[in-house]
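Trainee: These protein sequence lines map, in sequence, to chains R and H.
Heads up, the first sequence stops at 399 in this note's numbering, and the numbers go up one at a time, no gaps.
Heads up, the second sequence stops at 1368 in this note's numbering, and the numbers go up one at a time, no gaps.
Hints may be right or wrong, so weigh each one.
Claimed, not checked - Taking lysine-lysine and the DSBU-like style, the derived pairs with C-alpha atoms no more than 30 Å apart in a straight line are: (1) Lys-1237/H <-> Lys-399/R; (2) Lys-1310/H <-> Lys-74/R; (3) Lys-396/R <-> Lys-1182/H; (4) Lys-1182/H <-> Lys-9/R; (5) Lys-1266/H <-> Lys-1190/H; (6) Lys-1237/H <-> Lys-183/R; (7) Lys-274/R <-> Lys-1266/H; (8) Lys-1237/H <-> Lys-286/R; (9) Lys-22/R <-> Lys-1313/H; (10) Lys-1310/H <-> Lys-22/R; (11) Lys-399/R <-> Lys-1138/H; (12) Lys-1266/H <-> Lys-183/R; (13) Lys-1182/H <-> Lys-296/R; (14) Lys-396/R <-> Lys-1266/H; (15) Lys-296/R <-> Lys-1039/H; (16) Lys-346/R <-> Lys-1113/H; (17) Lys-296/R <-> Lys-1266/H; (18) Lys-274/R <-> Lys-1190/H; (19) Lys-286/R <-> Lys-1266/H; (20) Lys-1138/H <-> Lys-346/R; (21) Lys-1313/H <-> Lys-247/R; (22) Lys-274/R <-> Lys-1147/H; (23) Lys-1313/H <-> Lys-296/R; (24) Lys-396/R <-> Lys-1237/H; (25) Lys-1138/H <-> Lys-296/R; (26) Lys-370/R <-> Lys-1329/H; (27) Lys-1237/H <-> Lys-247/R.
Since the hints were derived computationally from the structure, they do not count as laboratory data.
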Amino acid sequence: MINIEPTRKMIEVRNSINNLAKGVLRPIARKYDVNEHEYPKELEMFRSIKIMGGKKKKKEGDDAPKSDKPAPKKLGTNLSTVISIEEMCWGDAGLLLSLPNAGLGNAAIAAVATDEQMERFGNKWAAMAITEPGSGSDSGSITATARLEGDEWVLNGEKIFVTCADRCDVVVVWATVDKKAGKSGIKSFVVEKDRPGFKLEKLEHKLGIRASDTGTFVLSDCRIPRSNLLGSEEVKTATEGFKGVMKTFDNTRPLVASMALGITRASLDFTREKMEESGITLDYEKNLNNVSSLEKDFYLMEANLEAMRLLTWRAAWMADNGEFNNLEASMSKAKAGRWGTLITQKCCDLLGPLGYTQDHLAEKWMRDSKIMDIFEGTGQIQHLIVARNVLDFSSKQLK
Amino acid sequence: MEERDFSFGMCEEQRTMKETIARLVKGVVTDNAHDMDEKKAIPSEFIQKVWELGATISPIPEEYGGYGMEYSPIMNTIILEELAAGDMALAIAATLPSSFLYPILEMGTDEQKKKYIPPYCDGTYRPCTVAINEPRFKFDAVSLETKAVKKGGSYVITGEKCFVPMAKDSGHMLVAADLDGKGQLFIVSKDNPGVTIGEREKNLGLYALETYPVTFENCEVPEADRLGGSGGCDYAKFLQKSRIALSAIGTGVSRASFEYARDYSKERVQFGEPIASRQSIAFMIAEMAYEVDGMRLLTWKAASALEAGKDAKRESYLAKIFAGDATMKITDYGVQILGGHGFIRDHPVERYYRNGRGIAILEGMATV
């Protein structure tokens, strides 16, 4: 039965994470925006707290009812994660991306690692390296190579835009084991930072999320043990393997959408605060023609924020319920990515000088939100995915 | 109140209702919506067919002639969306009695319930209506210029209303008027000598829906017919429900435009391939898809708040302004994707475009 009134459990999660974001992240948001690349040591306390990903293996017998009492209303992992991420990014998105041991690579390892790999890498901080100078949205076209020599993989190539490049312990590197096999030849490998031939070339200077260290790695004859390959070594003729990798994006896209949500809400909350300070009260009552242009803009932005959130929650809820959510995940990111950008820009406009000065965070939120319409699939890629889904078109029919 | 599970999924009952209405719409409405629009009339048998589903009177207690089923705003949004996906004029006409009956059921006195509800809980659809909108610049449902003034044992209503659906055939109407600076509702009989129903209006959209201007001149209404009696009613709650209803209708119209344009863009071949194979068109289709869903989710969110027994002021307001805005965009895209063909009345997208304009403008024409 449809019911999208947040439950007490959801509100509890939201409030507790919001406290954390308010107490720990927000106060240092500007500091690490200014001091780009400096490690936010205040985040050490999060090393043991799982905010993002980190699927725990279920122990047998966990599903058995423990008593006669009705089970408390469950809150699914995906839904609880998007709620948490929104709050954390309301605090600061760059810092969320800098949480120790919570890189995208950690999610990839948790998803497919063997017990032995889990033992070796489970407690490491793992970054993810997919993008190359010549391979962005078309991640099937990557050119980094891995060749097997005895019991070792030898990796060569260049990886850019790696989040947590400096701070991580290991990097999950995408490389092809067989160029002729196309996408199905692409595998992921765990590369420890201290392996010879693995070099952090440089750290980028960015528009936003400056607290997050984004870097470039060069792999030159970098040797890693054969057992560092994640998943199966076998190169299938079909593109099943690659599709599996892409499917993980169905889970991560709502997460990015919820990051956009958090930043956007921060921006709107601040704008509302300033409006109220100047005596404007938002009563959610009058016809839009009978309020000021400022109020009208605000109401419409708030309505769009609500749409962003509900599309995101729906995608997460579907994932929790084991429903295929490729369409809904992309819808959430398409909407949240684009509107996050539009709203944070508009808030700066409404705030006037307060939206342009670095004395306040509004200008920062405008810079931070832009990446949400770019990474984990640009807005354009999301629109392609949504359109192919609703048109029932293949990637050949709609390029 | 026991907390329900958080869910985006329909239960069996909701799905069945949606499918039932969808079948009816497909079988009766879709092929005739164009004709209804051209002839500016909805055949009464169509309205009767919807009426016979019993959705309107289902939550009305048996003692007043209903079925005494559970009242569900969410179910009502599902019904309205499906009907409006067939035809917005029909959606408003067929559910119009709800707008008169539900406020009485929810906020009326026992006498009002006994007197006004049973006659309309009939096997045959009998119109009764609401008069909210006023024909003026800067109209706002929360600051009405139609005034009610207390005079002895009655109220005297003076003012002008417009877009009163089916006013001519309606036995009664619920009239919104300002009483001492606050919106209130009054049950007014068509036979009241102070009521003058004007010539049928000609509007931008909703050609098939009969709407009328109604003038109230020294219209005396007994105190007993002020909704809720001497204590009055919660007019804001009434507006919340109508806003949610209009969002649901906007979702339906927008969805219809989206689906038509989507299918058309796959069939229409230019430069040797379907126009949907071009990103400029495909991206519009994608945007339509998620904005329709966004609109529906905002509508459900507001209805969920009501079902949880909470106030939905903010939620219903945001749902309506989102729906008003998004419906314009989506129905515009619908016409644009069809190009010149979209401008021709043979295709329904031009009708969706005209009808859809009403979502942001109209108030109080439907309820959940």
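Trainee: Look at each hint and say if it fits the structure.
Mentor: Results for each hint:
no.: 1; hint: Lys-1237/H <-> Lys-399/R; in the structure: violated (49 Å)
no.: 2; hint: Lys-1310/H <-> Lys-74/R; in the structure: holds (22 Å)
no.: 3; hint: Lys-396/R <-> Lys-1182/H; in the structure: violated (60 Å)
no.: 4; hint: Lys-1182/H <-> Lys-9/R; in the structure: violated (38 Å)
no.: 5; hint: Lys-1266/H <-> Lys-1190/H; in the structure: violated (51 Å)
no.: 6; hint: Lys-1237/H <-> Lys-183/R; in the structure: violated (57 Å)
no.: 7; hint: Lys-274/R <-> Lys-1266/H; in the structure: violated (48 Å)
no.: 8; hint: Lys-1237/H <-> Lys-286/R; in the structure: holds (14 Å)
no.: 9; hint: Lys-22/R <-> Lys-1313/H; in the structure: holds (28 Å)
no.: 10; hint: Lys-1310/H <-> Lys-22/R; in the structure: holds (28 Å)
no.: 11; hint: Lys-399/R <-> Lys-1138/H; in the structure: violated (47 Å)
no.: 12; hint: Lys-1266/H <-> Lys-183/R; in the structure: holds (29 Å)
no.: 13; hint: Lys-1182/H <-> Lys-296/R; in the structure: holds (23 Å)
no.: 14; hint: Lys-396/R <-> Lys-1266/H; in the structure: holds (14 Å)
no.: 15; hint: Lys-296/R <-> Lys-1039/H; in the structure: violated (38 Å)
no.: 16; hint: Lys-346/R <-> Lys-1113/H; in the structure: violated (49 Å)
no.: 17; hint: Lys-296/R <-> Lys-1266/H; in the structure: violated (37 Å)
no.: 18; hint: Lys-274/R <-> Lys-1190/H; in the structure: violated (50 Å)
no.: 19; hint: Lys-286/R <-> Lys-1266/H; in the structure: violated (42 Å)
no.: 20; hint: Lys-1138/H <-> Lys-346/R; in the structure: holds (26 Å)
no.: 21; hint: Lys-1313/H <-> Lys-247/R; in the structure: violated (39 Å)
no.: 22; hint: Lys-274/R <-> Lys-1147/H; in the structure: violated (37 Å)
no.: 23; hint: Lys-1313/H <-> Lys-296/R; in the structure: holds (16 Å)
no.: 24; hint: Lys-396/R <-> Lys-1237/H; in the structure: violated (51 Å)
no.: 25; hint: Lys-1138/H <-> Lys-296/R; in the structure: holds (14 Å)
no.: 26; hint: Lys-370/R <-> Lys-1329/H; in the structure: holds (24 Å)
no.: 27; hint: Lys-1237/H <-> Lys-247/R; in the structure: violated (44 Å)
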